[in-house]
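So the protein sequences, as listed, match chains A and B. The numbers in our numbering rise by one with no breaks, and the one at position 302 of the first sequence is 302. The numbers in our numbering rise by one with no breaks, and the one at position 16 of the second sequence is 16.
Everything labelled a hint here was simulated from the structure, so no lab data went into it. Model, not experiment: these values are computed from the prediction. Using N, Cα and C, we set each Cβ at its ideal position, and we do this for glycine too. Hints may contain errors.
Unchecked claim - The list that follows gives simulated cross-link-like pairs (lysine to aspartate or glutamate, EDC-like), each with its CA atoms no further than 20 angstroms apart:
| id | chain 1 | residue 1 | chain 2 | residue 2 |
| --- | --- | --- | --- | --- |
| 1 | B | K156 | A | E219 |
| 2 | B | K300 | B | E226 |
| 3 | B | K300 | B | E227 |
| 4 | A | K361 | B | D150 |
| 5 | B | K156 | A | D296 |
| 6 | B | K109 | A | E316 |
| 7 | B | K102 | B | E261 |
| 8 | B | K109 | A | E328 |
| 9 | A | K300 | A | E24 |
| 10 | A | K213 | A | E24 |
| 11 | B | K109 | B | E99 |
Stated by the list, open to error - Beyond 12 angstroms from chain A on every Cβ pair, some chain B residues (computed):
| id | residue |
| --- | --- |
| 12 | L84 |
| 13 | K115 |
| 14 | D150 |
| 15 | I159 |
| 16 | L165 |
| 17 | L210 |
| 18 | M270 |
| 19 | P274 |
| 20 | K300 |
| 21 | I332 |
Unchecked claim - Ranges between beta-carbon positions, derived for each pair:
| id | chain 1 | residue 1 | chain 2 | residue 2 | range |
| --- | --- | --- | --- | --- | --- |
| 22 | A | T169 | B | V275 | 46 to 52 angstroms |
| 23 | B | Q267 | A | I326 | 39 to 45 angstroms |
| 24 | A | K282 | B | G111 | 50 to 56 angstroms |
| 25 | B | G111 | A | P146 | 54 to 60 angstroms |
| 26 | A | F143 | B | F289 | 27 to 33 angstroms |
Spelled out from the first residue to the last, the chains are:
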Amino acid sequence: MSAVVSPIREPLIEGGKSYHQISEDLCSPTERTPSLAWVAAFMVAVTFLALYVFCVTWTIWQGIGTWNLNRTIGWGWDITNFVWWIGIGHAGTLISAILLLFRQRWRTGVNRAAEAMTIFAVMCAGQFPLIHMGRLWLGFFIFPYPNTRGPLWVNFNSPLLWDVFAISTYFTVSLLFWYSGLVPDLATIRDRSKGMRRKIYSFFAFGWTGRAKHWQRFESLALVLAGLSTPLVLSVHTIVSFDFATSVIPGWHTTIFPPYFVAGAVFSGFAMVQTLMVMTRKVLKLEQYITLNHIDSMNKIILVTGTIVGVAYLTELFIAWYSGYIYEQFAFYNRVMGPYFWSYIGMMGCNVISPQLFWSKKIRRSLFWTFFMSIFVNIGMWFERFVIIATTLARDYLPSSWSYYVPTWVEIGLFLGTLGLFFTLFLIFVRVAPVVAVAEVKQILKVAGDQYAGKHSHQPSAHSETHH
Amino acid sequence: MGLGILCLLLTFFLDSQPLHVRFWTNFLQNTVFFTGIAFITLFIYAAFITSWAGWYTQFKRVMEAMTMFLVPGLVLLLVVIAGLWLGWHELYHWASAEEVAKDQVLLGKSGFLNKGWYTLGTLVIVGIWIFFAMRLRSLSLAEDQNGGVDFAHHRKMRIFAAAFLPVAGFSSAAIIWQWTMSIDAHWYSTLYAWYTGASWFIAANATLILLLIYLKSKGYYQGVNEEHLQDLGKYLFAISIFWTYLWFSQYMLIWYANIGEETTYFQTRMHDYPVLFYGNLVMNFILPFFILMRNDTKRKYGTLVFVCVLVILGHWVDFFQMIKPGALDTAIHAAGAHGGETISGAGGHGDHGAFHMGFTIPGLLDLGAMLGFAALFIFVVFSRLEKVALEPTNDPYMAESVHHHV
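Start from the sequences, fold in the hints, and give me the full structure.
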């Protein structure tokens, strides 16, 4: 870590905080009675969660027939939602692993919440393949082990099976990463608490005392996990893209899918982080930790990844024409001009065109626009998956089997229900653990912009002797 | 450089084959390879500026000088273009009107694959790249003279750098399709442009490391130490893996779907060009992966120089295998169509597994041609570099770069 910081950089934490103030600001949300806003949000989220439970029960009880899947549309909202959630689950690990390796110190303000979001999003994503099985109780069939069913093995050639491995690995590593980062902070909360609460946090803090040895192990573990998760960020969505690209379906089989899916995933992940952070920093009063500078940086990433996705869309479109292959050409003609043209417009508009607003620094630093755009991008990325899946399946090789797919109330309920699951988990998380990584923020306090001479500069606090 | 010209001329005259296939493929390959290095350096530089990176600042002049090769690159491309119009070569199957007329697929593509677009695309796109390279370099130099505490130059550079990124993203794809993908005129892959870009990236990265180590050995850039080299080495490691990822994505999806129109590309390379096909993977993935995995290899000059030379050659071979098979096929076809003598080569029937110097494996003449272009590249870089201060003075990130510590 270089101790010299350019005067052109803005401070990462505002308000000239002392160490104690940081602990106070970040831990207190878990110690107060929840605010009215939190209670209201929680009630809404739990209501949607109940809807989810109901729809799952309905699906399992009545069967998959309650969805509008039919020939030729074997996949509909279920896999659209699955890919959407998996994509959202990419930002957390990108922030915590790749930005750690790139030594981007601004990550400390948002990494904790982003990692939590990753885990919850992957949990939501995992629901869909399971429910789609119809007979949920046979879900363990997806694991390859010697069995008494024939022996009936899983199909190792299937990308759907690779998904099982990729996602479970990703989930495990992300969980470890998140939890190991939480340990010092849980210990901080433990030390501030009394009674039963102290016992609980004591259990979860794994006996952390902050000894030099603990920190040494902590840092090497973080580095190893970062190294492990970096390829995982790429691999998970790559394999999700293989679900489509290994087929011979025009519009699905294209070589750009793996990196383009990854870029899209990071794009949607950051959008969801923005949606959550804009709300969280306001409700928990964390404006000096998650500064406008953070929002600005993340909006830049959204702009970059949105444009990469744009390059990919146009590449696909152009190469479809260039291929000279009529089925490929039709698939793309159908995407743009076919019965689902509105979803293509939604995708292009929300993912490529509207993020270009972020060229303006004013808009990047405006909370209203950030929030508004993050919702836009979330919608756009959902449309992207819907475009890829539904428009392709609705028009296959045989015109006699062409149809138009609309979801049933059960499918819509399932999607809204996973939003309920996601927000319920997130709201619980902000109550039980610090949303911003306390220990990591303290680490960057001394090197994060005391030299800054610009308009957001502040008087350094008492602790600000230069750190070497 | 003299050696290179000599080798090129030798190739031209010694080449017994009509149309001088070996000469022209070497010419195109090296032109695209080194112009691409200059382009991607500009891209990396713009990305560093946009992302507020500070550590590279000490040696940014070297990167600026590397981008200056875009100008001679354009001149070299103009030679290819002149050849296209004047019929000096048969590099591109789509360039021959009679071929296109009887080929349904090429006819369909002729709206894009034609001499006009090739010329216009090259001129406009490389012209835009040169504009950005010049702007960024002159702003950076002006900052030395009269940069103030408001960092106006730097802020202006940020604007140009940010604007260049999407321009580079869209334009590089379009022009790579023209320059190299269209050699296999029937074949297509959506990933191709990014794959090529990654290949350039590693070559540019390795070139930068070699230049820095050389300059250090001459007593310049003493402030650039193993901390900086380790970071550059990490990029080399990471992008090598990324390149492999793209290679695998392209190969695996085509292999899995097993559609004849697509598999032919790899089929030809695996069976008729095995040295290039497998050598490509060994040189660009296996060796750099295992060598650079360790922490210390990125900090030692010896290993770093070895890997850099290896991957530069590796990615040169990558371009070699992208260009040669398709161009040879085209030439065989053209020679056959003209009723002239046939061209012997790996693409011909019946000699699978036979080596054909200059096509299935690079021969000394090809390596010589490469050295010639490399010498021109180095000449351009150093002659640009000697005119300016090697280290910037008023860059706001200079202090960070000097005190860089991993």
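Outcome of the hint check:
no., hint, verdict
1, B:K156 x A:E219, "violated, 38 angstroms"
2, B:K300 x B:E226, "holds, 7 angstroms"
3, B:K300 x B:E227, "holds, 10 angstroms"
4, A:K361 x B:D150, "holds, 18 angstroms"
5, B:K156 x A:D296, "holds, 18 angstroms"
6, B:K109 x A:E316, "holds, 15 angstroms"
7, B:K102 x B:E261, "holds, 18 angstroms"
8, B:K109 x A:E328, "holds, 14 angstroms"
9, A:K300 x A:E24, "violated, 31 angstroms"
10, A:K213 x A:E24, "violated, 26 angstroms"
11, B:K109 x B:E99, "holds, 13 angstroms"
12, L84, "holds, 19 angstroms"
13, K115, "holds, 17 angstroms"
14, D150, "violated, 10 angstroms"
15, I159, "violated, 10 angstroms"
16, L165, "violated, 7 angstroms"
17, L210, "holds, 24 angstroms"
18, M270, "holds, 17 angstroms"
19, P274, "holds, 22 angstroms"
20, K300, "holds, 21 angstroms"
21, I332, "holds, 22 angstroms"
22, A:T169 x B:V275: 46 to 52 angstroms, "violated, 36 angstroms"
23, B:Q267 x A:I326: 39 to 45 angstroms, "violated, 23 angstroms"
24, A:K282 x B:G111: 50 to 56 angstroms, "holds, 53 angstroms"
25, B:G111 x A:P146: 54 to 60 angstroms, "holds, 58 angstroms"
26, A:F143 x B:F289: 27 to 33 angstroms, "holds, 31 angstroms"
In summary, the structure is inconsistent with hints 1, 9, 10, 14, 15, 16, 22, 23 from the numbered list given earlier, while agreeing with the others.
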